[in-house]
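Chemist: Use these hints to put chains U, P and R onto chain Z, whose structure you have.
Chains as they are written, first to last, in the numbering used here: chain Z, 1 to 384; chain U, 385 to 768; chain P, 769 to 1152; chain R, 1153 to 1536.
A couple of the hints might just be wrong.
Per label pair, the in silico range of CB-to-CB distance [claimed, not checked]:
1. G628(U) to R151(Z): 54 to 60 Å
2. G1524(R) to V341(Z): 52 to 58 Å
3. S1103(P) to L557(U): 46 to 52 Å
4. S1103(P) to A1494(R): 39 to 45 Å
5. E115(Z) to E1309(R): 37 to 43 Å
6. L557(U) to E305(Z): 25 to 31 Å
7. S1194(R) to G373(Z): 51 to 57 Å
8. D890(P) to G1204(R): 34 to 40 Å
9. E1309(R) to G373(Z): 27 to 33 Å
10. P572(U) to V341(Z): 32 to 38 Å
11. R1074(P) to G373(Z): 51 to 57 Å
If you want the ones that stay clear, here's a sample from chain P, every Cβ over 12 Å from chain R, calculated [to be verified]:
12. Q799
13. S836
14. L840
15. E916
16. E925
17. R1034
18. E1087
19. D1107
Think of the hints as simulated: they come from the structure by calculation, not from any bench. For clarity, every value in this text was computed on a predicted model and none was experimentally measured. By construction, the Cβ of each residue, glycine as well, lies at the ideal position given by its N, Cα and C atoms.
There are 4 protein chains.
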Amino acid sequence: MTVRYGMVGGGAGAFIGEVHRMAAALDGGYQLVAGAFSSNPSKSKVAGQELGLDPSRVYDSYQEMAESEYGLTEEDRIEVVSIVTPNHLHHAVARTFLKAGVHVICDKPLTTTVEDAEDLCDLAVKHSRLFAVTHSYTGYPIVKEARERVRGGELGEIRKVVVEYSQGWLSTLLEAEGHKQAEWRTDPDRAGISLALGDIGSHAHNLVRYVTGLEVQRLFADLGTVVDGRKLEDDATVLLELEGGVRGLLSASQISTGERNNLRLRIYGSNGGLDWSQEDPNRLRLIEADGSERVLHRAAGATSERARAHTRLPSGHPEGFIEAFANIYRNVARSLRSDGVAHPFADDFPTVQDGAHGVHFIHKALESHHQGGWVDASYAPPGV
Amino acid sequence: MTVRYGMVGGGAGAFIGEVHRMAAALDGGYQLVAGAFSSNPSKSKVAGQELGLDPSRVYDSYQEMAESEYGLTEEDRIEVVSIVTPNHLHHAVARTFLKAGVHVICDKPLTTTVEDAEDLCDLAVKHSRLFAVTHSYTGYPIVKEARERVRGGELGEIRKVVVEYSQGWLSTLLEAEGHKQAEWRTDPDRAGISLALGDIGSHAHNLVRYVTGLEVQRLFADLGTVVDGRKLEDDATVLLELEGGVRGLLSASQISTGERNNLRLRIYGSNGGLDWSQEDPNRLRLIEADGSERVLHRAAGATSERARAHTRLPSGHPEGFIEAFANIYRNVARSLRSDGVAHPFADDFPTVQDGAHGVHFIHKALESHHQGGWVDASYAPPGV
Amino acid sequence: MTVRYGMVGGGAGAFIGEVHRMAAALDGGYQLVAGAFSSNPSKSKVAGQELGLDPSRVYDSYQEMAESEYGLTEEDRIEVVSIVTPNHLHHAVARTFLKAGVHVICDKPLTTTVEDAEDLCDLAVKHSRLFAVTHSYTGYPIVKEARERVRGGELGEIRKVVVEYSQGWLSTLLEAEGHKQAEWRTDPDRAGISLALGDIGSHAHNLVRYVTGLEVQRLFADLGTVVDGRKLEDDATVLLELEGGVRGLLSASQISTGERNNLRLRIYGSNGGLDWSQEDPNRLRLIEADGSERVLHRAAGATSERARAHTRLPSGHPEGFIEAFANIYRNVARSLRSDGVAHPFADDFPTVQDGAHGVHFIHKALESHHQGGWVDASYAPPGV
Amino acid sequence: MTVRYGMVGGGAGAFIGEVHRMAAALDGGYQLVAGAFSSNPSKSKVAGQELGLDPSRVYDSYQEMAESEYGLTEEDRIEVVSIVTPNHLHHAVARTFLKAGVHVICDKPLTTTVEDAEDLCDLAVKHSRLFAVTHSYTGYPIVKEARERVRGGELGEIRKVVVEYSQGWLSTLLEAEGHKQAEWRTDPDRAGISLALGDIGSHAHNLVRYVTGLEVQRLFADLGTVVDGRKLEDDATVLLELEGGVRGLLSASQISTGERNNLRLRIYGSNGGLDWSQEDPNRLRLIEADGSERVLHRAAGATSERARAHTRLPSGHPEGFIEAFANIYRNVARSLRSDGVAHPFADDFPTVQDGAHGVHFIHKALESHHQGGWVDASYAPPGV
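Chain Z extracted, bound-state conformation:
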């Protein structure tokens, strides 16, 4: 009954591959049965062995994997592929597996160009495949509670959105010190045209869209490369005009020395405000117009069906990043499997269109920065 999945990327030293595997394993809904874990075949073999895979299904390349799996019986071959490679490979890998009829769970940013992103949108439709993009932060139950309350009008008319994503891990030229993660993320050939916006700004952008339902209409971006010798921006501020003229401010920084993974969303409406911080992810602060606050905790005062459907533990038992991530995996599994139980929120995962929105946003921010002015940023990806 478990979903059979394979993985592309995610060999030794790749933090995010391990996260995907834990997220898939948590609820017992997936079984990892195949993989091309590295562009280096021997590294792929080692990874497959450590993961206890059948050696015949540990592949030298994703192309080989797609072809060989396609040759297996329907009962055996993978149903889903998890793509956890550097950004520049997402498109080719996803394209290959979509054409082989495999559903896709792909890390973000979806692709390095808008054209590639739209190509994947088209292919997902054409082949009727599910395509999830792991904007994992929207997987937190209390973020879902925020969404329900904001969209339900609890804050009144939305007026201002402030989203910040601050990290400090790139405050030195880590890419020159042999740090694998830093190497590819700061390399235009593998990361694409953006560092901070691609790596973390796209999460912030997706979080705003998810909670408010508002799309960016116009933007002004100011990008900076603070660390000498770096090739892409490591600090970015983007002023947003959201639908309805709502004012927005998005900042993404990877040179905010000492910051760990500080993603914070605040929304102000005519009746009140809301504040969520990813490092304290079980808690949602609602700010009343009189200056008092109401603090909800996951499973304590978070009363929406949507939040409860994505919660595993009683209140006071902290859930974390893996559980949020696992909510994407579980919803994909529930969309694939009818287990006889209604799962009204099974479609609650970021889609290929959400991914395309992110890629488009990054490109518009770069455009604004280069032009030095506001640009139109409205967008509708294909295949919605």
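Modeler: Using the frame of chain Z, we list chains U, P and R on its own:
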């Protein structure tokens, strides 16, 4: 390569069984292959089916399970049993499986009497089986960091320990309203002689022992039953004298209305203090003698080998209760399996002797309360 | 129109004298016109000069001060005396000035014996003088909000009270290092029979009484002297039985290394809980039964008349310790002066009877500790 | 020995006048002896009476006050005038008193035009008068500690500054509801060309300059008027380029519903970061490069001479807004009076030049907004 395990208890509505299963699944180290999930055979069947088990290994009773599994080949039968029943069954179930050569992971409190606890200590030794008790809160990496620092002398000579565990979920007579968890936990026949101390005080007691390495020598307990109609204490204060005359204060309450799962440990030494709260589990506050503080975060400034060995994610990516719980499971698996990699902290899980300490503590607290005075509480369980 | 006051004690190096002077000055309601600032006449002179007093009203002793001031015209002589000496002098000084018809504002603990405390109660009645004791922490507006809500029934029936006062400043033998404050506070001849309970436990006790309106009926105390060479207890735990059988826990420690001035009150009722910390004094956390919280801020969501009457600034502009202290001074002034405006809460300051309650509490705690058992602690001071 | 001062503005309903009076009174260094408290003579009379002033020194207008006071003897007349009127009067009032030889303490923003600000700079020099502008937030001791550490190089090379000032009190059209404060602050005739930047953004700007010592070189501003019917901006985002190319982000909002008085400063350097929030003003968070934190508290771990010189209470005894404000008043008094004690930081108060910087900043932000692009914002006011 995965460890085959079975489960006793943990059917529908049993929160803790699901936690054990997620903890076992997280790292891909276990496979659930058998179970007796309920004393009601048909409920056990349903649970087994939902979990995708081979129906032939879903049993009507734990006795049948032990016997049948024993009849399977060594390659097939369960290696570990997870016991997640109400307290009064722990002893009989554990005894049965130990005698069948199965390693045990048992929920707390270990047993309802000291004699039973010691019997399990003896049996574990006699049959050379691993026996873990899921005092899960010691599984948090930053708690392990605290242990290293406290035992390494960073606070100087330890002088005072304050541990508090406050919940509010039993602030009404929930057991009269058909709440399953409340029913058995407040029922002397199934829970044993204690409610608050057994259910949560034993965690607090274990946490103190784990971090400080100090045993309780004497204690004075004052127990109260605050909610009318309840049969066991729902609020307890225990004054401790730890080894070396260290002053201690342990409180456990389940009628602190609104408190979620507020387990907090503070330790004061001659050089500084330390403060940890379970609801903010990635953070450790070190208090300097000058009144300034140093705040460590899991994977950020928590530098001990022990902490890092139990961490899965980069700093700023919150880990939670399940990950802490999974550290017990993973260490048991690492103790059972030699995967060629050295795991120097594989023995870092609460043992049957730790469980016996907890049961003894509960009984001594009751004794003190009934006598109205301090009692000797020193103890050495068999089989260390 | 300002109140003329004199001060006994409060010369160089005496922190609390300066606090009283700032509290008196803040609202422009007092004028310091006389003083006997030290038992050393030349030190008194210096202090008086620095404070800009008329030298003829800077006295060598409090006796001289009382006598001389009494000889002045009614328009000139002091109306109020502030007593900020070490504890052992409070009684004699207060007695002297009461008999001279002067109102008294006295630091805590009121006296070193219950007999002396009751003597002052009697004298205040006999001479119809106001007598305030500076249990300053009840001066915070948000504590007053807590009082209104607790007494108004918002938490339902009160069930449990936890009050803690932790400091670390006496975690070394500071009294042996020439530290003036430490010297007298740890000296039985000047401090009385208690250190931690007298110095800070009495504040905690008063805070409980102020907010809940419940008196201590029985108590069990365990006192410890943690720092070698100290003559009085520096760490104390007191179990309380409040009126109606409400369970209480009071701890006072001055050896909790690194703690600054951590006074915290929590109250749990049948409907919810409440949490206040003195180091974050503008904020009150209300805990709902469902585990969510409501956070009030002074002047933001704190809606009681009593809280607002003791607030000076808009919300978000922090008020602190001096402002709380000044609320005692201002209320005494308002009780003395009719300025044509109704001040319905002008009597909201700790009285001589409150002070007597504190002294009685300290003595009962010592008695319990020496007996090793619970003692009756009910009490009604004279003159209520 | 106290400084005689008069006040212009600050009658009934004027919050800030009362703050000035409490700040002046706190340390006993000032005596209020004269005032023109309202443009309405009868209101001025009432205010003067309530404050206990000699009726002959309660004036109908500031012009009359300046003239009459000038006619008094040097021992009697005011030495300092506190100007707490709406913004548009600051210039004329300050000008008048400077010419009369009176030192000035003026609320912010200094004036409504740059020309007026520079005129005051010139006059202060010409008449050798002290001129303080009450950018009160730099009066907090821990802000001074931050300054010492930042300027002393503890964070390494400064790279990024984020300052935010969010309030919610103008999230409705309060000026249409008879709210006096809202009326003049939102009225271009009385407030000048800016609302949010003038009222609070100027504080944020001054805080950055005070702590870092860096001036704004270029800026890009986006202003918004969120509440319908309002005449000036109530929400502003300003991108800064500070000296040395340091990236900065300043936001000021008065429509962030529910926010009280949320002024927060973060600074990131090559070695670490720093975080301070005005609503928690005794605490300074230093962020280490490894992601751990060090939290200083006023008088606890805040070790600079500058911080200690502006602290009144032991650690753990919260100081607040009034104490910060009083540090400006006390330093002005110490600059005026030689009391025989060295006060090395007596010049630590915001000057007329600081005020001019603020006015210039506001005007440049408006210019940028209207041009839709970056503008040069470098500036040197006269008379430094």
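Chemist: Against the structure, test the hints numbered earlier, and report the numbers of the ones violated in rising order.
Modeler: 12, 18, 19
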